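Chemist: Below, each chain spelled out in residue letters.
Protein chains: 2
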Amino acid sequence: MRDLVRSIRNKFSGKNHYKKKLQKLLGFKPGNVNVYMQAFTHRSAIGVKKTKVENNERLEFLGDSILDAIISDYLFTKYPDADEGFLTNMRSKIVNGKKLTELAIHINLPEYLLFNIQNFPNRNNLYEDSFEALIGAIYIDKGYEKAEKFVKSKILAKLVDFKELENTDLNFKSQLIEWAQKNKVKIEFSTLKHDQDDKIFVSKIKLNNKNYGIGFGASKKQAEQKAAKEALDKIENEWQEEIEIE
Amino acid sequence: MRDLVRSIRNKFSGKNHYKKKLQKLLGFKPGNVNVYMQAFTHRSAIGVKKTKVENNERLEFLGDSILDAIISDYLFTKYPDADEGFLTNMRSKIVNGKKLTELAIHINLPEYLLFNIQNFPNRNNLYEDSFEALIGAIYIDKGYEKAEKFVKSKILAKLVDFKELENTDLNFKSQLIEWAQKNKVKIEFSTLKHDQDDKIFVSKIKLNNKNYGIGFGASKKQAEQKAAKEALDKIENEWQEEIEIE
Chain A
1 MRDLVRSIRN KFSGKNHYKK KLQKLLGFKP GNVNVYMQAF THRSAIGVKK TKVENNERLE
61 FLGDSILDAI ISDYLFTKYP DADEGFLTNM RSKIVNGKKL TELAIHINLP EYLLFNIQNF
121 PNRNNLYEDS FEALIGAIYI DKGYEKAEKF VKSKILAKLV DFKELENTDL NFKSQLIEWA
181 QKNKVKIEFS TLKHDQDDKI FVSKIKLNNK NYGIGFGASK KQAEQKAAKE ALDKIENEWQ
241 EEIEIE
Chain B
1 MRDLVRSIRN KFSGKNHYKK KLQKLLGFKP GNVNVYMQAF THRSAIGVKK TKVENNERLE
61 FLGDSILDAI ISDYLFTKYP DADEGFLTNM RSKIVNGKKL TELAIHINLP EYLLFNIQNF
121 PNRNNLYEDS FEALIGAIYI DKGYEKAEKF VKSKILAKLV DFKELENTDL NFKSQLIEWA
181 QKNKVKIEFS TLKHDQDDKI FVSKIKLNNK NYGIGFGASK KQAEQKAAKE ALDKIENEWQ
241 EEIEIE
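If you're matching them up, the sequences are chains A and B in order. Positions 1 to 246 (this note's numbering) are the ones given, in order, by the first sequence. Positions 1 to 246 (this note's numbering) are the ones given, in order, by the second sequence.
Be aware that one or more of the hints could be misleading.
Chain copies aren't distinguished; within one or between two, either way the pair holds.
To be verified - Pairs of lysine to aspartate or glutamate, DMTMM-like flavour, derived with a Cα cap of 25 Å:
id: 1; residue 1: K98; residue 2: E230
id: 2; residue 1: K98; residue 2: E84
id: 3; residue 1: K142; residue 2: D81
id: 4; residue 1: K78; residue 2: E57
Hints listed in this document are in silico derivations from the structure and should not be mistaken for laboratory results. Please read these numbers as outputs of a predicted model, since none were measured by experiment.
Construct the complete structure from the given sequences, taking the supplied hints into account.
Modeler: Printed below as a string of structure tokens:
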């Protein structure tokens, strides 16, 4: 029954044991253990067994902003001569679902999570959201500076390859084509003017004859980029499904 | 020639005088005056007269995130029982262009700004961007906690009516209709299915026979909301044009 309940009882029993486990993840002694428990609790887990914690959605709301602020500051300092276009681009390369999911896995966050796969068949965004909630929890427990230190020293300095990110292509169309070739998936783009009067283009993408993305834009290129982004997001979610958690 | 140059010389001459003026705005003694000068300098001002400061776009990038984090934290604490949907909604009611522009005017920020109207005929987002840059400058000069204190005590607690915000309608269509009635502007919505196969709707809005917004969505309502939002943004920019700055 490993797929049924994520062993809530085991994880939450023995506060001292849990505190030690948490310390391994954080690199410091947690003060308020409950707020971390909340950060790790997906709404699907609530109500299955009685847990006294709320789900992590409020902490995700908070952590998302705190993470953004910390990363913006880091980039601002790291690239003193870069303009805000470059900085914004770099930030989106870090705070996107795929990257945050990777980072969550790197720090073994999945080990700590509570969710119920029956109430929650589609694991979309689970790791990303929990990662953000974790940052929210650190902020609530220890304040901005501790959250900043955690993100900068444990995540950015250790796990993010900035040279590689600088060279990463944000061209979603070429990313998608590359993915399709690698995975032997048939890909079709169709891009049309929306109607004669408007200068609006509509782009649709099919992968193996199935609709995967639609995008609108003032140019053909813009419409294709948006459609490709949507298709990549869908693929990413499916890809997350295949990750082995236990 | 008041429209030509925003008296850069006058504003930047006399550092002590400037520091005092700055202190009036901030409520505390600034450390690094230059970073505030930078926050107030729109790119249109650079090169007109020789100023030794860069423009404010990097600080705007930073301040935007810091402001978001501070407001998220404030709402998280102020509404301990609210879900993340409500919190996200409230945050967007504060960090939107119109609201930030209002706040900037309330604290007399326009008095401090440097820009050249000849290089910059359209004043879109000037106050909003400078407001964000100011928060970035406080963060750089004094750190997160001082920025937090400034936003919470000088802005949120004093200038934002949360009861009113809670009751503010985020229904863009009804906002637009209300605006049009008040200003005796003819308004036309036309919403169509994009094509028979897709379940995509397209909504177009004309104000006094001129295109003002277009939106796409999975439902008629969604498409109309997006189109109305676009129209409202355009109106807001025009509205900003009419503000008297001097």
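Chemist: None of the hints should be skipped; say for each whether it holds.
Modeler: Consistency of the hints with the structure:
1. K98 / E230: Only inside one copy: K98 and E230 sit 13 Å apart there, 30 Å across copies, limit 25 Å.
2. K98 / E84: both (23 Å within a copy, 22 Å between copies)
3. K142 / D81: between (32 Å within a copy, 21 Å between copies)
4. K78 / E57: Intra 31 Å, inter 16 Å, cutoff 25 Å: inter-copy only.
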